[in-house]
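Enquirer: Read off the chains here:
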Amino acid sequence: MSTATAPAVRPPSNQSSLRHRLAERGVDRTLWLLLPAVAFIVLLFMYPFLYGLGLSFQPSHGGGIFGNYAAFFSDPYLRNTIWKTLGLGLPAALFNVIASIPIAYLMRGKVRGKRLLTTLLVVPITLGTVLTAQGLIMYAGPTGWLNTVLLDLGIIDEPLTLIHNWIGVFLSLIITGFPFAFLLTLSYISGIDPALDKAAATLGAGPMQRFRTITMPLLAPGLVITFTLSFVLAFSVFPSAQLVGDPTGSTRVMSIAAYDAAFQQFDFPMGSTMAMIMAVVMLVVIGLVMLWRTTLYRGATGGKG
Amino acid sequence: MSTPTRELPSAASDAAKAGPRPRRRVRIWAVVVWFLLAFFFVNLIALVASVVVDSFGKTWFGGWLPSGFTTRWYSQAWTEFGLSHVLIVTAEVAIIVVVLSVLIGVPASYVLARRTFPGKKFLLLLFVLPILVPPITYGIPLATVLYKVNLAGSLTGVILANLVPSVPFVILTMTPFIEQIDPKIEAAARMCGAKTSAVFTRILGPLLIPGMLAASILVLVRTVGMFELTFLTAGPDSTTLVVALYNSVFGAGIRANQSVDAMATIYTGSMLVLLVIALRFVNPTQLVARGGDTGKE
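Chains as they are written, first to last, in the numbering used here: chain Y, 1 to 305; chain R, 1 to 297.
It is worth saying that the hints were derived from the structure and are not from the lab.
Even for Gly, the Cβ is constructed at its ideal location relative to N, Cα and C.
Certain hints may be false.
With a cut-off of at most 20 angstroms between alpha-carbon atoms, the simulated EDC-like pairs for lysine to aspartate or glutamate come out as follows [what the hints assert, rightly or not]:
(1) R:K148 with R:D237
(2) R:K58 with R:E80
(3) R:K120 with R:E179
(4) R:K148 with Y:D157
(5) R:K195 with R:D182
(6) R:K148 with Y:D267
Here are some of the chain Y residues that sit facing chain R, going by a computed Cβ distance under 7 angstroms [stated by the list, open to error]:
(7) F45
(8) I65
(9) Y69
(10) A70
(11) S74
(12) I103
(13) A258
Here are a few chain Y residues that sit away from chain R, every Cβ distance over 12 angstroms (derived from the structure) [what the hints assert, rightly or not]:
(14) H61
(15) F66
(16) D75
(17) Y77
(18) R79
(19) L90
(20) P179
(21) P217
(22) P269
Let the sequences and hints guide you as you build the complete structure.
Expert: Structure, rendered in structure tokens:
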């Protein structure tokens, strides 16, 4: 994240050493090694993105250069996809981060079975959302094991409707998102110097006080990063919203609407428009979160964000 | 986090160090947290198990277990979904993507690790973006462009699309790895009269192999599991396993749920094999970190 702002604040001394080096060596032939990667990124990432941006201003159904954007925001069915996406992505990311904190806190030191636990947690991430969705359909469906157990135990009288609605997608986002958030949080919390906690204990702080005044402030910047990355993952939910969700109703998220426009109705300009709106909405949320992060403590001892 | 390829200490040494420590007091909230974590795992295992059990079941309409067990869904899935072709395509895509992204990414990470030049920060930002931006966002314009140049639907299109997050991933994994190799080694080789080509093949090459191996495995796992980009660019002859799985669940037509589950089990099995191999070389956190946050202060 720091890469974006660093050039503007580079101190003058660094500038002169840079110029010195350039004068001595010049921008020599070694830099040609960058060429394949740069050409690749420009051709396959920047160009398509800019092409899509250009395409979004050329609506196939007329209406001026902002025709597609006007069409998107005037149609409640399309406009509401923004709220549906945020309504899934934000709670899921928030839940995953908050659930990660106590577990990562318990695991911060050397704990038996830490490697085993982290290995187990990687499994749902690598399996991916498609398999999770298929598993949820089987497991949490009306005749699945989950409902069978709950019915047999007498906890419920009717099978719970856990799939093909908002809950199904939310569950799938937790299954794949929670391990991700936890592993990141764990790596941040392990970076906090344990001596600080011990020092606070020596000074008479109780466990709760130490957590509130030592660990949390140091962890907060890392948590913000974790939240952002979890949100990005949850925000782009596509397969699970199709498979365990209600893709025409309550879980019609932006990615589904954009895909339908581009590849079901073959209206590429509209599909690109929605992709651009997705990018903007995501950047706005990330921007707000990052702005809030600048108000947090950033010290040398922790956070690692 | 400074050296991403560093292995976590093994469980055995963890236990040895934790052994002599005084036991902490058991706290109620800790018990609650462990209980919830166990609950998560029980559900997770049951979720995967219900797919596997169903794939071996004859019929399963409610109740604890299917009415009988059979393996015929596997042979049915194999022919119905053309799995041998799908598996070959998956392997081709994954291997070509790994090789190309290492070939493109490693030279760039060498420059980024060793040199300071104007616009370096901008370049780094450019390389982080494809990892930070969700694939579906740039996937739709990318697929549009690929359709325009008639590459979408072909193996080439799928490979090109999958390279977009893979090359930056290799760069972001390899840059910190190269940074921790002492530049004096190269200088010494040059002092002894080695040419640039010799420095690369005989000095840097062997030193880079562990890092390249880790990066390759990470890219391999991510490519096999990559759904969105492959889904947007694949045609009937270029679907990978995960997309074929999605199509079998969502696509039109009546097919037995068990054969879908058989395919899901094959997918799970191959991912788990890859994962077991991967975890011998990298630590679990590396598999999930999207690169943007690793290797930085």
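Enquirer: Which earlier hints turn out false for this structure, listed by number in ascending order?
Expert: 4, 8, 9, 10, 11, 20 and 22
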